[in-house]
Amino acid sequence: MSLRLVIQNATQTLVDHLEELTALDQAIGDGDHGLNMKRGAQAIQAKLADMEGTSLNESLKTMGKTCVAMIGGSSGPVFGTLLMTLGKELPENPTHQDFALALRASIEALTKLGKAEVGQKTLIDVLDPVQKVLAQDSPNLIARVRQCAFDSSLATANMDAARGRSSFLGDRAKGHVDPGSRSMALIISSICDTLTKA
Amino acid sequence: MSLRLVIQNATQTLVDHLEELTALDQAIGDGDHGLNMKRGAQAIQAKLADMEGTSLNESLKTMGKTCVAMIGGSSGPVFGTLLMTLGKELPENPTHQDFALALRASIEALTKLGKAEVGQKTLIDVLDPVQKVLAQDSPNLIARVRQCAFDSSLATANMDAARGRSSFLGDRAKGHVDPGSRSMALIISSICDTLTKA
Amino acid sequence: MNHADTMLAESLDGFAAAHADIVLLATDREFVRRKRNKPGKVALISGGGAGHEPLHAGFVGHGMLDAACPGQIFTSPTPNQMMNAAQSVDGGAGVLFIVKNYSGDMMNFQMAAEMLDQENAVVIVNDDVAVEDSTYTTGRRGVAGTLIVEKILGAAAERGDNLQQLKILGDAVNKATASMGVALTSCTVPAAGKPTFQISMNEMEVGVGIHGEPGRRRVALGSADSIAEELTSAVKKDLGLKADQEVILLVNGFGGTPMLELYLMVNATRKVLAKSGVTVARYLTGSYVTSLEMAGCSITATVASPEFLSLWDAPVHTAALRWGM
Amino acid sequence: MNHADTMLAESLDGFAAAHADIVLLATDREFVRRKRNKPGKVALISGGGAGHEPLHAGFVGHGMLDAACPGQIFTSPTPNQMMNAAQSVDGGAGVLFIVKNYSGDMMNFQMAAEMLDQENAVVIVNDDVAVEDSTYTTGRRGVAGTLIVEKILGAAAERGDNLQQLKILGDAVNKATASMGVALTSCTVPAAGKPTFQISMNEMEVGVGIHGEPGRRRVALGSADSIAEELTSAVKKDLGLKADQEVILLVNGFGGTPMLELYLMVNATRKVLAKSGVTVARYLTGSYVTSLEMAGCSITATVASPEFLSLWDAPVHTAALRWGM
Ligand SMILES: Nc1ncnc2c1ncn2[C@@H]1O[C@H](COP(=O)(O)OP(=O)(O)O)[C@@H](O)[C@H]1O
Ligand SMILES: Nc1ncnc2c1ncn2[C@@H]1O[C@H](COP(=O)(O)OP(=O)(O)O)[C@@H](O)[C@H]1O
Ligand SMILES: [Mg+2]
Ligand SMILES: [Mg+2]
Ligand SMILES: [Mg+2]
Ligand SMILES: [Mg+2]
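Protein chains in written order, with my numbering: chain A, 271 to 468; chain B, 271 to 468; chain C, 4 to 328; chain D, 4 to 328.
Source of the hints: derived by calculation from the structure; they are not laboratory data. Please read these numbers as outputs of a predicted model, since none were measured by experiment. A hint or two may mislead.
Lysine to any residue pairs mimicking SDA-like chemistry, simulated, CA-CA at most 25 Å apart [said to hold, decoys possible]: (1) D/Lys245 with C/Ala23; (2) A/Lys358 with D/Gly327; (3) B/Lys385 with C/Glu117; (4) C/Lys274 with D/Ala23; (5) C/Lys274 with D/Thr30; (6) D/Lys240 with D/Lys197; (7) C/Lys38 with D/Pro318; (8) C/Lys41 with D/Gly327; (9) C/Lys197 with D/Lys245; (10) D/Lys197 with A/Val285; (11) A/Lys335 with D/Lys245.
Far from chain C, by Cβ distances over 10 Å, these chain B residues were calculated [what the hints assert, rightly or not]: (12) Val348; (13) Asp368; (14) Ser459.
Note that beta-carbon positions come from the ideal geometry of N, C-alpha and C, so glycine has one too.
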């Protein structure tokens, strides 16, 4: 399994889901989320050759900086901070426990940056449960992470938004999946798929 | 038969045909003809009491001035000039020949004012044939005038416009009846109806 | 939004209140006038149907019009309005009417001019090149170029030109000015309640008028570049524009077009002009001569002599156009 | 109109060409800046997603902003753009960021502020009263009131106020400012290609945001009077407006609204205000803070102290707002 393939697949999933992500953000936001993720994904893909041979940490930092510099919107700082924090926190050859710890640190960085907490209908509502699954020693870990990401993303439909543009909707956001959560679930499940197939 | 009833009915016809006249002007003009005729018609109706007891000539002049002052657009000067010229030209107790002469003078005044000639898809294409019918001594004159007004109005559909807003359309005006001609036909046929019923 | 019958009246009241420092609204809302007359100055009066705002009332003030007569929506004002406006703003040096070339406007202004006691003249604006001057037309329509004629004449009147000079200058500016437009949607006359014409999302009306009059032809929606190419080449041809000439370029929105798209059009147009060596000496971009909420735009170019440019640059203070003061 | 991907770039090029006398467009179109720095003056920088034109680039120039960073359509610009703008327009007296309260804008500006070497401060604009500040919101959105904050701060920076004074003044103007809007149609993000929300001809969205975010509630289309009543009473309540107070009133179109209707709204709004004894000291009417081609409008009121009024009246020379020079 090459890191390059993981990144290639995960970013491509976002590009392929442009219309779905756009529609989700149109329902409860301003409609740009699909384009934002596509722009970030393609900017990362353009850096794939440069990242060849660098460590996981360095690649994560590069991807994070690329998100910050190229996306804008909420997604730029949020996905950028997530990736940069992971790049900073992960040790070499990380275990699933290491991933869990780095993800916890990332969630804290996100909360510091954007003031969002669990249950406020953002991608934190995918990251937090996934982090908890990763922290456990359980069989079929990859399959469980994948399932958890999907379920958690869907569960955002029942939440009231408190952060981001959809927070201005009050009750009317109910029933709609949070677009950032959906992107997060797509990325995680793509990574799981690539790891499984490898 | 009272003059008041003739005016009341003719103006009311225009008000009642608001939507049709609007639609005709939307097809080949700017869509205001229905409202223009309605505004003029109602302004004349508001003067009916004042005109009570005045001569036909005075009434025509009053109506003409009201059109000029209240309508604007092409219809204001055109219908205003038509009525004012009739008021100036008609003798007391006019015959149908007198009407024909006064109408000829009115058409000339209109051509002087707006440069439109016969065949250029304006209400002159109703006035001119009607004037010719009026100039003849024929049985069923009223019925023939009525029929002529209708037919001439319909015939404008086959003309290219050379005056007024629809002139900017070139060939595309073909197939559409000229709105001013339709108003003119409605007025003439209403007068014929009232005269017949009296 | 409010009742269609009272909409125009209420809008004029709002306009007069918002710009009470520069304009006055006459009794019965017959005209909007400059707050103070300037004795000895030729009075410039324009007018036309409503629905083209800010034209004309938005151009009343120092360095531009002395009065504007608003008609009903898309309907020329009446001779009575024009005569009353002329009496009100007369500064003793005569009255110049600036009239867009529509038969309604022409006939009403003509009736006013005949009945008027004051010395007067008329400048006719007919800058729209969409329709060739064939035997089937009365001549060309007056569209966004009207703004340029009014601005330049306004500056000249302000500096003291007399009626005859202004008439000659106005005709010259009109002759040096050409426009052509394209619409992506129709407008809806409020009282009519439905769109003046039907057009689908992926079509456009080339050569549309500013009353939602259908244009020359209906074609598939093109790119900004191809639209600019078509509009500009019609304008260029009409003006006989040659390399090294300078123009004043007005990219005008029809009411429903975002500034983002107007500037896109500015960019496309200046590139087309540059290809033939024509330079844009002055830019004006915005929704100035509109058709209610119609989406689309027109481009207008005026061949820019040094005199036109200095009059263009002269101070102006109106509701919709203001610089230098 | 052109390819959605290049639309913003081409529009910025057109803007820069049309206003080359007052602005410069930076490499890679990262920001629009004032042509000449004014040494010793605090640099004012704003920015935000495109699609709200003329906000913000249209307000760059003397007496208002020093730079504006345009993001993609409805997408906050990046920290990199802001930092580069700050470096470019720094006059040695620090940088003040004016940020509309959206989580994306806030996070990007925050990242920029952290990485910046220069002394800096942030004024957050959150004038939209459509959504109450409940536990379910991050606080209110920044909408058309941003123009008023930028104008008043721009005048104060021009007269030489320091960073701390400007920060205090900016917060005070924001606090004295409230807005609320209503939409009659949706906008369409070009790259998305279809309307952001569906709304029928006889409905309106009350409390809509400037990104086509659905508002508080969907109701039957009302008259201008009833809309003005609802918007104004929300604004009045928020500001605690009382008899004998004066306001600056901005009636702002969302991009697809004709001036005719905006002035209708001006009239309706001033009548509502007059009923409670509130006077309008200054009017501004136009499409200044837009949502692409969305039809609708917002009203904004700022409680007008003598200081606010004199800063409002101070000369300004930008692409979209110009007076006194
Ligand atoms: N404060 C925040 N903290 C964490 N995630 C956030 C925050 N605000 C927004 N998001 C995420 O960003 C997504 C929206 O991204 P996007 O549409 O690209 O940006 P914007 O909301 O600025 O238009 C939301 O669906 C949500 O998951
Ligand atoms: N020059 C003219 N001479 C005679 N009639 C004309 C002339 N121009 C227009 N008309 C008539 O006026 C009608 C249009 O009137 P209306 O729609 O009320 O005014 P406008 O064309 O100014 O919008 C046309 O259908 C035509 O019959
Ligand atoms: Mg979004
Ligand atoms: Mg008409
Ligand atoms: Mg008309
Ligand atoms: Mg966004």
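These are the hints, each one checked on the structure:
Restraint check: the Cα-Cα separation between D/Lys245 and C/Ala23 comes to about 24 Å, which is no more than 25 Å; the hinted pair holds. The suggested pairing of A/Lys358 with D/Gly327 is violated, with an alpha-carbon distance near 54 Å, which exceeds 25 Å. With a C-alpha separation of about 16 Å, the suggested pairing of B/Lys385 with C/Glu117 holds against the 25 Å cut-off. With a C-alpha separation of about 15 Å, the suggested pairing of C/Lys274 with D/Ala23 holds against the 25 Å cut-off.
With a CA separation close to 19 Å, the supplied pair C/Lys274 and D/Thr30 stays within the 25 Å bound. At roughly 36 Å between alpha-carbon atoms, D/Lys240 and D/Lys197 are farther apart than 25 Å, so this suggested pair is violated. Our distance criterion of 25 Å between C-alpha atoms is met by C/Lys38 and D/Pro318, whose separation comes to about 22 Å. Between C/Lys41 and D/Gly327, the direct Cα distance comes to roughly 21 Å. Compliance with the 25 Å bound is thereby established for this hinted pair.
This hinted pair does not check out: C/Lys197 and D/Lys245 have alpha carbons roughly 42 Å apart, beyond 25 Å. The suggested pairing of D/Lys197 with A/Val285 holds, with an alpha-carbon distance near 19 Å, which does not exceed 25 Å. Between the alpha carbons of A/Lys335 and D/Lys245 the distance comes to roughly 50 Å, so the proposed pair goes past 25 Å and is violated. At the 10 Å boundary, the C-beta of B/Val348 falls inside the reach of chain C, the nearest C-beta of that chain being 7 Å off.
For B/Asp368, the requirement that its beta carbon stay farther than 10 Å from each beta carbon of chain C is met, with the minimum near 26 Å. Here B/Ser459 stays apart from chain C, with its beta-carbon at least about 24 Å from theirs, past the 10 Å limit.
This entry does not satisfy hints 2, 6, 9, 11 and 12, going by the numbered hints stated previously.
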